[in-house]
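Undergrad: Sequence:
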Amino acid sequence: MKNVMKKLKFKLKNVSFLLMLLNICLVNAQVYPLKKIVVIDPGHGGIDPGALGLHRQEKDITLDIALELKKWNNMFFKNELDLYLTRDSDTLISLADRRKLASALKADAFISIHCNSAHKGARGIEIFTTKKTGQQTTVSQNLAQSILDEFRLQLGFLSRGIKKARYSVLSQSFNQYPAILIETGFISSEDESMYLADKKHIQAVALAILMGIKNHLNLKL
1 MKNVMKKLKF KLKNVSFLLM LLNICLVNAQ VYPLKKIVVI DPGHGGIDPG
51 ALGLHRQEKD ITLDIALELK KWNNMFFKNE LDLYLTRDSD TLISLADRRK
101 LASALKADAF ISIHCNSAHK GARGIEIFTT KKTGQQTTVS QNLAQSILDE
151 FRLQLGFLSR GIKKARYSVL SQSFNQYPAI LIETGFISSE DESMYLADKK
201 HIQAVALAIL MGIKNHLNLK L
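Residue 1 is where the sequence shown starts when you use the numbering used here, and the numbers rise one by one after that.
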């Protein structure tokens, strides 16, 4: 009887954890016969540090976000997305090779992750699509809006909107695959630089991007 009571007490203490696991199992019981292919592109790398923030370099922040995003997809969503990283270490990959990977995989989404830098008063997130117009223009805009909404509503980031630019990494996407470039915050400002220097905040940013992707692709949570 004593052993039974100990087991019951242990179970009661862990009820929240068990309920969380049950919920995750129910979510992942869904059948996804055709996984969506998503290419995550951590900007810069190797000898190209990107922007030099007040606390960290851009190349390190973007890689950390990408790696955390992959962990979220694995840990909580059982690799529901077929996720590819253009780099998973401090390596410089050419812009052409980043584009080629997305094209070869026939990606359902391509997300290039970056950090902004300007005067110290600049803040917020902005997302870019290519200036070229094609079959994927509207889809890219919708993907950008979905992720922007997650940053604004869940993380409280100031939205600087969706913009168009002639970024090389996006240049071939307009007729092939939806593609966006995210500027996750200004590492030239003290508050956003500090925010992106904290691992828990990196994890939150990664989750916001992942949820935005999932919402855009209409995948059930």
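Because the hints were derived from the structure by calculation, they are not lab data. Hints may be right or wrong, so weigh each one.
With a straight-line cut-off of 25 Å between C-alpha atoms, the simulated DSS-like cross-links for lysine-lysine are [unchecked claim]:
no. : residue 1 : residue 2
1   : Lys36     : Lys106
2   : Lys78     : Lys199
3   : Lys200    : Lys120
4   : Lys100    : Lys131
Undergrad: Now tell me if each hint is right for this structure.
TA: Status of each hint after checking the structure:
1. Lys36 with Lys106: 10 Å, holds
2. Lys78 with Lys199: 22 Å, holds
3. Lys200 with Lys120: 23 Å, holds
4. Lys100 with Lys131: Holds, at roughly 19 Å.
When held up to the earlier numbered hints, the structure conflicts with none and fits them all.
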